[in-house]
Every structure is written in C-alpha cells, then in structure tokens.
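Got chain A sorted already, so can you dock chain B onto it with the hints?
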Amino acid sequence: MQLHRRQLLKALGLSALCTLAGRGPAALAAPGAIETTPRRIVFFVTPHGLVPNSWTMPIPDARAEAFAERSLLGLPPADFSEVLRPLHPFRDRFVAIEGLSHATVLADIREVMRSGGDLNNHSIGVAGLLTATRALQKTGIPCTGGARSLDQELAARTGGGGRFASRVYGFDHVPNSTVAPFSFLGPGQASPVVADPAAAFADLMGFRIPSANASRPTTREASIAALRPSVLDSVSREYELLAPRLDSAGKRKLEDHRDLIRQLESSLGAGLSAKCDQNIDRSGDKTTQFMRLIKLAFSCDLTRVATFVAPVPQCPEFGYPADAAVHTYAHQSIKGATSCGETFNPTAARAMTDLGVWYAGHFATLLRELDSVVEGSGTLLDHSVVVWLTELATPTHLHTDHFALVAGSGDFFKTGRYVRYPRDTSNPISGMAAMGPGHNRLFVSLMRAMGQPDTSFGQREVRGADGSTISLTGPLSELHRS
Amino acid sequence: MRRKFEVLGRESAATLLLLAMRRMGSLALAVAVAGGCALSADVPTDLPNVVGPAPLRRLSNTEYLHALHDLFPSQVHALPLLPNDSSNSGFDNETEAQQPSDVRIARYEAIANLYAEDATRTTEAIQKLAHCTEWQTPTSAEACRAKFIESVGGFVFRRPLTSDERDRLTLRFQAWTTAVDFEAAVRLTLSAMLQSPQFLYRAEPLPDLPSLPSAPLAVEPYAMASRLSFFLWQSIPDNFLLEAASKNELGSTDQVRAQATRMLNDDRARRVFWNFHRQWLGLDRVLGEEHSVRTPQVDPMWTSKSQYAASEESRYFVENTMMSTGTLRELLMSRRAWVNDEMARTYDLAPTGDASAWREVLLPDANRAGILTRAAFLAGFSHRGATSPPIRGSAIQLHWLCKLPSAPPPGVDLSMPKALPEDGAQTNRTLFERRTAPGPCQGCHIGLNGFGFGFENYTAAGAFQTQEQGLPIDARGTVVGTDVDRPFDGAVDLSAALEGSEAVRSCVTRQWMTYALGRAPATEERALEDALKTRLTSSGGNLRELLVDIVTSPTFRLQPIKEK
Chain A
552 MQLHRRQLLK ALGLSALCTL AGRGPAALAA PGAIETTPRR IVFFVTPHGL
602 VPNSWTMPIP DARAEAFAER SLLGLPPADF SEVLRPLHPF RDRFVAIEGL
652 SHATVLADIR EVMRSGGDLN NHSIGVAGLL TATRALQKTG IPCTGGARSL
702 DQELAARTGG GGRFASRVYG FDHVPNSTVA PFSFLGPGQA SPVVADPAAA
752 FADLMGFRIP SANASRPTTR EASIAALRPS VLDSVSREYE LLAPRLDSAG
802 KRKLEDHRDL IRQLESSLGA GLSAKCDQNI DRSGDKTTQF MRLIKLAFSC
852 DLTRVATFVA PVPQCPEFGY PADAAVHTYA HQSIKGATSC GETFNPTAAR
902 AMTDLGVWYA GHFATLLREL DSVVEGSGTL LDHSVVVWLT ELATPTHLHT
952 DHFALVAGSG DFFKTGRYVR YPRDTSNPIS GMAAMGPGHN RLFVSLMRAM
1002 GQPDTSFGQR EVRGADGSTI SLTGPLSELH RS
Chain B
36 MRRKFEVLGR ESAATLLLLA MRRMGSLALA VAVAGGCALS ADVPTDLPNV
86 VGPAPLRRLS NTEYLHALHD LFPSQVHALP LLPNDSSNSG FDNETEAQQP
136 SDVRIARYEA IANLYAEDAT RTTEAIQKLA HCTEWQTPTS AEACRAKFIE
186 SVGGFVFRRP LTSDERDRLT LRFQAWTTAV DFEAAVRLTL SAMLQSPQFL
236 YRAEPLPDLP SLPSAPLAVE PYAMASRLSF FLWQSIPDNF LLEAASKNEL
286 GSTDQVRAQA TRMLNDDRAR RVFWNFHRQW LGLDRVLGEE HSVRTPQVDP
336 MWTSKSQYAA SEESRYFVEN TMMSTGTLRE LLMSRRAWVN DEMARTYDLA
386 PTGDASAWRE VLLPDANRAG ILTRAAFLAG FSHRGATSPP IRGSAIQLHW
436 LCKLPSAPPP GVDLSMPKAL PEDGAQTNRT LFERRTAPGP CQGCHIGLNG
486 FGFGFENYTA AGAFQTQEQG LPIDARGTVV GTDVDRPFDG AVDLSAALEG
536 SEAVRSCVTR QWMTYALGRA PATEERALED ALKTRLTSSG GNLRELLVDI
586 VTSPTFRLQP IKEK
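Taken in sequence, the protein lines are chains A and B.
Here the numbering used here runs 551 ahead of the position in the first sequence, where the first position is 1.
Here the numbering used here runs 35 ahead of the position in the second sequence, where the first position is 1.
These aren't lab readings, by the way, just hints derived from the structure by calculation.
Be aware that one or more of the hints could be misleading.
[As the list claims (entries may be wrong)] PhoX-like mimics (lysine-lysine), calculated; alpha carbons at most 25 Å apart, straight line:
hint, chain 1, residue 1, chain 2, residue 2
1, B, K182, B, K163
2, B, K453, A, K886
3, A, K802, B, K597
4, B, K340, B, K182
5, A, K689, B, K438
[What the hints assert, rightly or not] Here are some chain B residues pointing at chain A (derived, C-beta under 8 Å):
hint, residue
6, L100
7, P115
8, Q230
Here a beta-carbon is modelled for each residue, glycine too, at the ideal position from N, C-alpha and C.
So here's chain A without its partners, still in its complex pose:
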C-alpha cells in the first residue's frame, strides 16, 4: 500500500511534532528571534566541609557579635585565604559568607537522637543540605531527602524555559557507588544524576536531528534519525492508551512517563540559538568537563538550573599519596577535635586544605567558563547565580559554621565582599557552640535573585537547645544590593 503524503505524516505522527515544536521554548527559536537573558542558577556542592582557617578571612576592627564585612577589591592574592585565593581574579564577582549553619540539619540530628534512625552525619547532610527539612528515615538504610530540594523547586518554577527543567551532574571515583544526590524531586525521590560527561553532552546535544524544515536527509542513516520523533510519538501513544486502564497511582506514573517522552520528542529538531557553541573542549579532568557542560547548557538555554556534586578525588589528584584516604584526613584535620576516634594530624589538615584549594580551582573554572560567554550587556556569569555549598560544615563532620559563597548576579547580590554573621543563636544540640543564621535563609535570598518572592524555604523554625525558637524565615538581606 502506498501512503499519500498527508496520510504518511499522520501515520508517522509527525504532524503532532510540528505543533509541538511550534510551542517549544522561546530560546530554542530560530536564529534572529529576540534573545532574552534568563536568570540561571548553579549549585556547586562539595563533599565534607572545609577546614575553617583555610577559608575564613579576618575582618579588621570588627566585633564578633555583629554582622561585619570587608571589601575584597583592593586585596592582593596573598591577603586572600588559601581556599579563596584561586578566586582572586573574580573578587569583584562574589561574596563569601562566614557564620551560617545547617540549622535544620542540626535540629534533625537532635530529633533523630531522640526518636532513632540514621544518624550518619554524611547521610543526614546529603538529605538535608538542599531540602532544609527533616530527612526521610527508612528502616535500615541511609536516610534520604524528605522533600523537594531547592534546585528542583526552582527548576519546577523557572526551568521550563529550557529543554530540561534541570541537570544534576556528579560522580564518584569508586565504581558502582551511588553519588550522594543532594538533589531530590520529592520525598525519597533522588534526582537522576548524570555521572559521565560524554553522556551529559549527548543529553544536551545528541537529541538534535536535522530540522524538519531542512532539506531532505541525504543519507539513509539521516533518514532513520529523522524518524526518532515519529518513534517517540508512537511510544507515547502506547502510554496514553494504557494509562486509563490502571488504578490512579499507576495511571499517574504512566502519564508522567508519557509527558517526559513528549518533552523529549518536542525537543528533537528544534533549532538552537545562533550563540550556542556546540564545540566543547574535552580536555581536563571530569569536573572541569562538567563545568564546561554547564556553560554549554546555559549558553544554549537547554536548562536554567544545574547542580554539580563534586567528587571526593583520589589523593594523587590533589598531590597526596595513592594509598592515603580523604576520609581519614578529614577526621584528623582539626586541632583539638576528636572525630570518630581520630585525633589531629598536621598532614591531614594540610591535605584537607589542599583539597579545598582543588575544589576552588574548579569553581574558578566554572566562573571563567560562564564569564566567557557574552550575553546582552554582560556575560553569562552576570545572569547566573553560582552558589558553592559544602555537605558538612567541617571535615570533622560537624554542621555548625559552614562555608558558603555566592558568585554572579552582581545586579542582585552586593559582590566583592567577605561577610561574617555573628554566632548568636543557641545550637539545637545541647553542648554545641552557638551558631549563626540557618543556611535556608540564604536559600530565600537565592530565590529572590531568581525572581521568587518566597519568605522561607524548608523548615520555618527550629528549636535551640536552650528552648528558644529560631526563626528561619526571611532572606539574608545584608547580601543584597538594595
């Protein structure tokens, strides 16, 4: 049977594609369309915590009991702390923040001490860092995220403009091990993490097929590739037909699956912005490659929300013996602290500092990559919020006094500064040092920078060990430009 062209298009399911492509994201429109400069956000999360005196900087003449700040603009590299030194070239583009605490995580730890569950500081940190709420405890296995994390919340609200609501990248050097996700689609639902740069690149670029409007495919392979949307169309029809025959939970699952296939289908063949440079430098280690991939994804407007979970590198990667282990160094890195039976060892402190410098080098690469793309009157970095957070506060597995840094979006954040919040609030865990503002108040600031008017994210308050109520609402307005 010979099909007529219209019949053929219908049978191929490609008529639907034309409609869908027409509804595609604005930024995927044909070259020449008016370019907007959407706001993006990157969460750069590093495992463990940083050795405090490797990253903090003194603020001359400031009192510890009040908010204090100093300008970074006139300082030579030597006056920067070791970890911040690699970021010296970008000193006008970031604000480093001292004194924040993972208040919700600390409160969770206290609750779990009472009620039972997984108390491992790593799991509870992984679960609570980006969710800022209590971890989901399940029998006999590590606890996991108890709610949607900030990156996924922003993705759900603002990420729709790009091809992907968000991208979560990260990897570990141990084969077959699960990367701590940090990012959660919902309670107990870890976001899918793409661990391989080649796969990440294929996700971003590999979906493209010759545009439907382009001249006829010249090879048989190209003709087959051009039918990918048709295959996806036929597949999504199967989900559509089966879903109504199931109970409500099954139906919802299949409909979600179908929507995701439709999303993939609608992205096929869509044009990319003329500014989108698909050539990617594949040199350097995997972390470096992921930094470039984030630039690629942003500059081509394929996503607006990215999360990168940095690896725990092999020791030789940052200059230490192959038989050494980061975890052992971590426990031994702080003078006066006893952590899991390990006591202070100066080599370990040095190693954890060098590891912090290693992470900072990669963070600097990310800033450099984003700054290399001119966009509107500035660069991609100016239109991105780039946040560096750590899993724990200290390498000795505490959650008080963690490192935080926000770069980019100088129109919103008052950058070029080092700021310090006073530790004037009772710690939820008795016997532990007083703490500064909860890190989810920083999240409120990040949401504001992303145009979201929320007054809180995650838990709105926790209780200090002294019985006081600690509010976790409102942004850290000292960070804002106005």
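Here is chain B on its own, set in the frame of chain A:
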C-alpha cells in the same frame, strides 16, 4: 558454567512461541483478559487467603538489563548508565520509588536504539529476527512484517499482541517503510517496542467487568508468567512459561509449583539469589569507598582487589548454596567456599599461583562457617582501622531479626574508644565494654555487644585472629531478645544459634516477601507471613521451598479488588 539463554535469534525457540501464540490466537487472549472461568485460580487452602496491594511495577534496572540480555543474548554494548533505582526499602525493586525522570526516558530511548540497530545490522540478522527469508514483493513484505510484529512483539511484550496493538504497529511499520525502507522499519518498530510500557512496565489491567468482582481475581496467565519470571529470574519469561500461559496452565497450585521448581533449578535463578542476598545482607557494602583501604596494622596487603574478591566470594557462596540445598542451615553453617588467591590469603589457605582462578575449598571448621564468617560481612561491617562490635551486632539485629537500630542518646561519645597510655595494651572488646558500661547505654548495647563481641576473632579485613596486642581474644557473647537467647562462644556458635531461631525465620520470610512483592508486606498480609514462616520451619528451613510457597500464595497470584 553459565548457559546461554537465547530467545530472539534462535529459530526453534521463537517458532515454538509463535506456534503457541497462533494456537492461542487473539480470541483466546481476549477471553483471558476479559475474565470468566479462565481467571479462576485454585488457591492453596492451607495458606491464608489474603491479597495485598498490587501497584504498577516498572522493571528495575537489574531486571531491564537482564531482559535485554535474554532477548538479545549475542549483543554486548557499553550502555549509557541508567539513573539509580532509589531503594527506600533496601531493595532496588521498590515500586513506590519508581518515578520516571527525563534522564531515564532519554536512556531508554538511547538503549532501545542501540539494540534495534544492532539487531537489524545485516540482511541475515533481519531474516533471523523476523523469521522470513525475503521481503522484495508486496506480498512477501506483508507476510514478513506480520510475522515480525507478532513474534518479536510477543517476546518483548511477554504475551501475544492484542489486535489493536498489532494494527498500530503495522500502521507505523508501513509509514516507516514508505519513509525509508523495510529494513529501517524493522529497526524503528523494534526500538518503539523496547520503549513501550508493555515492555518497561508490568501492567496488569483489570478486566472490564460490569461491576466490581466479589472476590479477588486471578492475575491473567501471561501476567502470572511475568510475575514468576521477574521474581525468580529477574527477567522475561522463557518459552515454556509463555506456552504454559497460552494454555492457561498457570492457574493451579500444582502448575505454579512445578514451574517455580523448574525455574529454581535453572541457572537464571542465580540472579535472584545474588541480588536478594546482596541487598538483604549488605554483601556489597564492602565495595564502598570506606573499604578500599585497611590500615597497615589491620592488613598491609589489602587493596581494592580485596574488596572485590570479598564481595565475589560471597556471591559464589550464596549462589551455589541456594542452587543446591538452599537451606538456612547451609547459609549460616556451610564451610564450602569458592576462593581465589586473594581470598585464600584472607582465609589462611595456600595460594595456587593463578590469581584469577576461583576454586572450591572447605574452610577450617574451628573458625569458619556460613555467610557470617565470610569477609564480605566481616570487613563490610568494620572500620578501616578496627572492628566495631556494635556495627556488626547491629547488622545481625537488623538483617536477621528485622530489629531496627535505635540512635544513641544525645551527647554520648561516638568515637572509636582508644586505650589510654597509662592503661597499657587493651583489647578492642575491653575498650568497648568500658565505653558502653554506663546504664543508659546498656539498654541497647546489651544486645549490640552481645552479638557483636562474638565476631572479635575476625579482623576488620576478615582474617581470623586469636590474639590482639598480645592479649587473648574473648569472643564470647550472648544472644539477646530472641526465642533462642543463650550465651555463645564465637561466630560459628552464634550462627548455629541463629539457625534454630523462630525470630530469624520470621525475619527472613518478611525480607523475601518484600523482594517478591516490590513492597513491604501489608498489615492484612500478616497472617500469610506467619503461615509462610511456619512452613519454613516445617521444611527444615528450606529457603527454596519458601520461594515456592511465596509464589503459590494468594497474594502472589491474585489481584486485589480495587476501584480504578
């Protein structure tokens, strides 16, 4: 030796199914799906007639990859990594955690395209796949197309296609033939099949009945074939199962029992034995980063090879034990082991000099027994530099007694206890006894230490030791909080105590049910759990029999009554 299980690409097998499906025909399928007498199941009378929820199940990553392997045994690809299956229950097939994501959908497409391309690379390959020799004329092409859709579709969907499915695939096939050519249409249709819900999910739609049935209905025969094969083989049903389904021979208890027995004797059952035990007992925990290193005091020769050898040794042990008698006694007490030179070193046996060879040995009876005296457990539940009796003890309580650990009270020192210089040498046991001596600690530690101290004869690398720092090791412990509470001496004695425990049989039953159902047993299934446990006791702790009992139980064979 592993047999190869070819489904597609071996003519005789495929033809068999084709014949079975032809015999069955779409009419018979319609009957089976629409309900009626075909759906009655002869449910065993001596197991409680309860049916728990049956949520829609997606193939776990493990099942999906096994299914692809069994469909295309000659294809080997470096596949893009699928996102991990979340496992809030501790098992990777937990239905509740199976939400789709954009990455997963993209991977499914990429992988389907890879397999479809490879399966249609040459004319000969297409001939084999589609069961026809040529498609040059309109008539031969139509016949070949129909054959391909029906036979390959039948394998991928694990049942004969409905006429609607056949029509939809035929229409697409025609369009793709027109757009490119016949060969491309085979490839694209195969790719579509591999991305379809009929392949990736295990939908068991309720039949369209005028009103809700008064009693739970049997799962339709092909869905029952899939329930059996995805549990016992972690993969698609084979021809024999599909043929049994086509003849409606999966309805009676005897029939299901016969199939399950056959399946458990097939090498594919090794998959479920390993996957279950690996997750239940944390046998791959030793592969974690923490265990890539041991301090020189513990084992100067420990490397990442040791990690893998320890895990692999436990795999051999579990698979071979379960493939033979499969009793709880063997699992806890057998001294049979399969070792390479790396493991021989740990177990103090002579090396063969061939580092890659694995051989069967009998471990010395004084210090080794079953799985609890093997390196995967002993090292996996230790620290790098020392054993931790509470961690090992907690693993016993959690895995074998289904007893949740509780957190230590606030403010206690959780660091590893260390000897003070003035005390001189101390055994690890003495340090932990001192640390956990205070009254508030004892509530939990009487149990944790009670079990954990029994393992002190094994280092954090799993080697046997009788002295520590020149001091003799005391590995006496106490079984606490069970039906078999008693003092014991060493892990072999503890294993024997656990083997006789009702509480252990209860816990093992619960774990297997969770894995079989893709969810924790529901409250209403309590009576069934108890009955299965009783049978496990009367079978002498035969775990293979337990699996047969699970798959013949009402909850495995019936569908709950539910509103759409």
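Evaluated hints:
Using a Cα cut-off of 25 Å, the hinted pair K182 (chain B) and K163 (chain B) holds, with the two alpha carbons roughly 11 Å apart. This hinted pair checks out: K453 (chain B) and K886 (chain A) have alpha carbons roughly 18 Å apart, not beyond 25 Å. For the proposed pair K802 (chain A) and K597 (chain B), the alpha carbon gap of about 14 Å is at most 25 Å, so the pair holds. A threshold of 25 Å between alpha carbons decides the hint, and for K340 (chain B) with K182 (chain B) the separation of about 49 Å lies outside it, so the pair is violated.
Our distance criterion of 25 Å between C-alpha atoms is met by K689 (chain A) and K438 (chain B), whose separation comes to about 13 Å. The interface hint given for L100 (chain B) is violated, since its Cβ lies 14 Å from the closest Cβ of chain A, which is over the 8 Å cut-off. Interface restraint check for P115 (chain B): the shortest CB-CB distance to chain A comes to about 5 Å, inside 8 Å, so the restraint holds. For Q230 (chain B), the interface hint holds, the least distance from its beta-carbon to any beta-carbon of chain A being 4 Å, beneath 8 Å.
The earlier numbered hints that this structure contradicts are 4 and 6.
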